[in-house]
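Chains as they are written, first to last, in this note's numbering: chain F, 587 to 1623; chain R, 23 to 564.
Do not take every clue at face value.
As the list claims (entries may be wrong) - Pairs of lysine-lysine residues, derived as DSS-like cross-links and limited to a Cα-Cα distance of at most 25 angstroms, are as follows:
(1) Lys-1123/F x Lys-1196/F
(2) Lys-55/R x Lys-1196/F
(3) Lys-1371/F x Lys-55/R
Everything labelled a hint here was simulated from the structure, so no lab data went into it.
Chain by chain, the residues:
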Amino acid sequence: MLKRLSSCFLKRKRLTFSFLLLFLNLLSFAQTGTVSGIVKDADNKPVPGATITVKQTKVSTVADADGKFSIIAAKGNTITITSVNFVSQSFVVVNENNVDIKLEEKSGTLNDVVVVGYGSSTKRDLASATSKITAKQFQTAVINTVDQALQGRATGIQVTSSSGEPGANTIIRIRGSNSLSGNNEPLYVIDGVIMPEYKEASSSVYGSYSQNGLYGLNPNDVENIEILKDASATAIYGSRGANGVVVITTKSGKNGEGKIEVTNKISTGRILNPLKMMGGKQFAEIYNEYSVYKGRPKPFGNIDTLNVNTNWFEEVTKPALREDLTLSVSGGTPKASYYVSGNYLRDKGVVLNSGITRSSIRANLSSVVNKWYTLTAQLSFVHQKSQRGISSNGGWPDGPGLMEALRTNPLYSISDNGLQVKNAIPGGAPGFFGNPVVAQTDKSDLSLNDYSIVNLQNLFQITPGLKLVVNLGRVQNLTRRQAFFPVTVIEGSTSNGRGDNSLANTYSYNANAYLQYDKTFSTNHKLNVTAGTEYIKTQLETLGARVSGLAISSFGVNNLSSAASQQTLSFKSDRLIESGFLRGNYIFKGKYVLNTSIRIDGASPFAENKKIGYFPSAGVAWNVMEENFMKNVNFISNLKLRSSYGITGSQAISPYQSLSTYNSDYYQIGSSPQLVVYPYTLGNSNLTWEKTKQFNAGIDFSLLNNRLTVSFDYYKKRTEGLLQVKPLPSQSGNSSILDNNGVMSNKGFEFTIQADVVRKKDVSFITRINVSHNKNTLVNLGDRKDPFYQSLGGNLLGGIYGVLKPGEEIGQFYGFKVSGLTQASDFTGGVPNYPFFGVAADQRPGNWKYEADKNGKLTPGVLGKSTPDFTYGWSNDITWKRVSVNLFFMGSVGNDILNVTGFYLNNGIINHSGDITFNQTEDWYKKRWTPSNSHNDVRYPGTQTALQQGNINSVMIEDGSFFRLKNISISYALPNMKSLFKNLKVFVSGTNIFTITKYTGFDPDVSNYGTSLLQQGIDYGAYPSQRTYTFGLTATF
Amino acid sequence: MNKIINYMKRIIVPLVLIFTVGVQSCKKDLVEKPYSTLSPVNVFTSESGLKQATLGIYQSWTATYFTADNPYGNIFDVIYRFTLTETGHQYAAPGVYGTAFMDPYLSFAQTKADGAGATVWQRSYLTVARANAVIFNANKAVSNSSVADVYIAEAKFNRAYAYFNLVRFFGGVPIINNEITSLAQNDLIYGPRASIEETYNFLIEDLKFAETKLPNTWSSSDKGRVSAGTAKAMLGKVYLTMAGKPLSKPEYFQKAVDKLKEVTNAAVTYNFGLVSDFKSIFSTGNEVNKEVVLAFRYVWASTLPNANLNPFFVTLDGLDPSGQPFTQTQFGLTYKFWKLYEPSDVRRDFTVVERYKNQGPSFPVGDSLIYDPLTYHYINKNSGSAVFNTTIKYGLGYGKFSRDARPSGALPWSYSDDLVEYRYADVLLCLAEALNETGSSSEALTYINMVRQRANASQYVLGSQDDLRQKIRNERKLELIGEGTTVHDIRRWGTLQQEMAAMSPNQLLSGAVPPYSAKLELYPIPLTEINANPTLTQNPGW
């Protein structure tokens, strides 16, 4: 903050100085004397060690630690100042007065300021692997949270949307997954404040919904995002650094006249890839076919007379509308600056009665209190209200909205209100019919969230080279969940209305203090030392009330005491991290860079004698261009080699897992329930850190005056002591325990290329391509040798299992392979002559035929994997005078998606059991196997009468690779309108314009089934994605 | 001087701020103190803590639904225990909605990887662990050992009953005779199986301790805790079981007679007896009546949604007067079984629902549904059509559960019915069986006739010992079906092969009765347990 403040302040000074020089030049006359002055950098900080030479006399001197120098020169002499990293500067002596020399840093990426943990540095002085994204790169994109901006725009970071729901979270992996049971999400740091783990209030009906925890930051407030990837960059965050760190810097006021900026974006969207289900007549035809297979009479006599044909999918969806308005006021004086912004966002989704609204306020204030003290305050308050689309994996009997609508029998009429005892099949037993439209509109599932960040940064300049920074901050995330199910919907009907009102309150108290010492000794030795201590206490409180029997439905969940049955739950936990850290960076002649750091973390969640962890790192870099032998190599403008190694940790486990505890419950004795207690967890006195060792090697080079910039990194990570749930024999009284067991590795490479294809005054064209590859291997599972199958839950399929196989990668889909469709020749006298699941009576031609092993046994195997081989992004910026165009493409290669949605809609089974009937897609209907269309395409089986095998099969696995034009925007800066605006820019943009993919679901960018490592890449009734068109403008006053 | 003051300021202000950071840091702060759970040292500090921990053992038998820490809890173990004890005999059939997870047991196709055995094993050892916590800490909580002994006796009874179930399901199992407080206790955590006999000896010691230390009765506010009578009755049943297969120790018939007579001769002392109205035994308004020797208790209270899941999976759609929708009825009984009862027998239509007036809402309230033994479907008398899952052949509904309405506001799967584990009628039939096997057939006849009389069934007259043996075995099914004893009885009688021979393909979804195999006399040791503890050996044939 201070630095930014002073840099703008200096811009003005630079101008003043140039004028001064000009003026002095005019008045120059020869006279010998002493010229003294101070050499400063752009931030107005002294540049020690600069060489000052008088051209005529060859006399030279070196600036001292405060940048001061004094040299004998005659008037008219030319004095040249040179220093590593800076553009040489000369001036003609006009008098001996003190002169301020302001050196301009050499242009090029090496001098970019990189925000690192607890400080900043120039790229030149770092040996680490980092990526940077600036606000400019996503300012016209339609994003609700800042993580969406990361998608495809940087290497080493893979961002997958969970679904298309407004407010839905993303799954972010920096250089792959490191932890089996811990959190794999990166650490987020906003203006130096570490964000606590996001915890959402959960509902008893739908469980906890992973909403995006980054809702607490308005993307319009972001100035830039730095992604720290290798150990050299992340080890300073010690036990929180293993998953990478995303450091976000928000905007601040600039010195000068106040500026008012309004940005408004209005978007409209439609479902990307809508599904067409069978119509009424088609449904009746299939039902008849099914009945014949079952040996029963056809219930539909004359299909042509049917006139009900409800398109339930269309009924529960609608076009989306999004409005995003930001107003910011910023400005400053040399002594103080301010940036204050407000944002209102309303994103109504494509599913009926869903969407989010959000309002946020941010104030970044900074004041230079006196010569040695600067106070910077960050204040941010965000309120968000989300009406959930109820499209997640609710499971039976709490049907998820969209999935239910897709499957509902089209012969029911839209006017059939919810919960009639009715059956659209003639002669069928009447049963409940839950009208999906009524369900979607009558249910209410609200998330109400408030996020506040308050941080005070106190900067003390103790001596010119030494400063102390003390941060005191508090982050609070209050989330509430209010779900209400009136008697008109299934969930509420069985218990006369049902409701949930719960909250989860996370508050984190962050305090740190660190000393920074910056000094250059005798020109060649640059030293930068940071030493500090940090204290972070995070407390989580949850409170929930669950009721049923709500006689007065107008109360909703606002008068729970009116309910016949009430239950309250509460829980509280806290975790504490106490740390000390030390970083030393040494740079010799600007050529050789050594970065070292160590962090010592004490964290409460680990066992008593295992709470302290040490996380060291070291990195070296060689700025080859600084070598003399490169001086004459003109076509190369930069060449740098880097390498680093270090250890980081992960401690994202719940508190108290190392302890033996007792819990309480109730049991009826006598005539009333009595409080009981019982042993609950068995302590693990060995529970300790998961440690990730990472090696990184990289090269950066640019050619042709930085017009072509290339960066390549290779890394190898190994995580040891994996925190995993280890099964215990139940005879211990516990079935599992969290333990450190096993090794996982990730290796990969990252490649970025940026080319300034056209760099002219009126026309420019910059193109950037980034490619990342990561390969994960579960090296071993400790003493467990066999593959381990872990149920992923789910009620509809017989069972979805994830597999942990030592020696193979995480995220494989495991199940039975469908080799083809059964044909008439597969039956001998009506009896199947192939191995099958279930009963022979259900077998008939057109069904799935599973691949058997050589013994004729049906055995499951690996069917695919959720992790991509490559992810990539390709961004193009074209400007021509006042018009600029951005084209942003992104995608992934080599990943598979478990399309559970598609499976249910295309398996040819319309009768699940009893009276439940499932509609199927029209695509299936048209291409399905029939005796007259006896193909062997497993995607289109014939009408089936039973689910033969509940586990995953290969038909559900689809190639999830895609190439997408994610964003295209055209903006135009209106010419001179100074009387009204300082600036007015209008733009139109489109999101998800086209996608090349084989995936048949709504969107291949999906993973909505859960956040655990084994639940990735599953599409289970996911909220559909949209294609949106946006009109926006930015006006500055 | 000014310069010094100036620098002093630069130092002092930051120092104050650093101090505020520094005072927070203190290594002992890293020690965790949970807010929402208890530390073990805080439990056994008083008698009330001891009582809470003791009642916690009983709670281990009941599955909870929707608890704070376990929102989807282990809901299935009660229905799995039902499955292991009540399917796999000649009268069991699919329920009106199929069989789902019960199917492998109905059709003798279970595997060692099935969840039912694993879940029941797991829950049994949970009971053992909770009991051990009380047994080894009771004397820390109270100084008077005679006070502590009552709690220890309750704990030992529960531990013994858990082992009695385990040994009948799986054979000999690992004996955990100490409290496990550390992962270092490898000898217990990874301990091997004991033999069947060792397991019985261990649980008999527990029951002998319990019968001497427990009170004869409890006051009404403690109703539901086990008494000396419960322990003696259980011991008698254990002896009877040991007399049969696989231990085959006929000398134990006499031990069973002696022990059970201690109960029947002092029935008044223990407040045991037959309830005159058979149906009322199972009424939620009449729980822990004098017929109940042992029950585990469920209640849906307005603040306590802890409920029994069994009725949801076993009862018929719309049998419950509150109009239960969405049941998942997976268990049925064959028409042949219904016909076993005499028409006058009050147990018949209560236990096996041959016809009923549906209470809605799946069918109009009052519609008569009548079972058609020819099509194996219920027929709706009004519409004339077959109902429920007509794609399969299913059995008649089981009716002992959910004759009372679900509590108001309760979720569809939440019933308050207690799990009745052991009834006085069972005590009488056990005694009759033991007497008959020891040659006292005429005395045995009086006990079986007491049970038949209450049911309004005809009185038996004395025939041969073998004739009475068959009658007693038959009576146990008529009286106790669905109450967790059927499979255990078949195994100790050694009649599984005959049961399977008497089965019809129509009562199995697979349409074929598999051949008998000796391995079916025990369930396999759950695969998950063998994987977690390689010292466990598998049962023969699995």
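Handout entry: In rising order, the numbers of the hints this structure does not comply with
Key = 3
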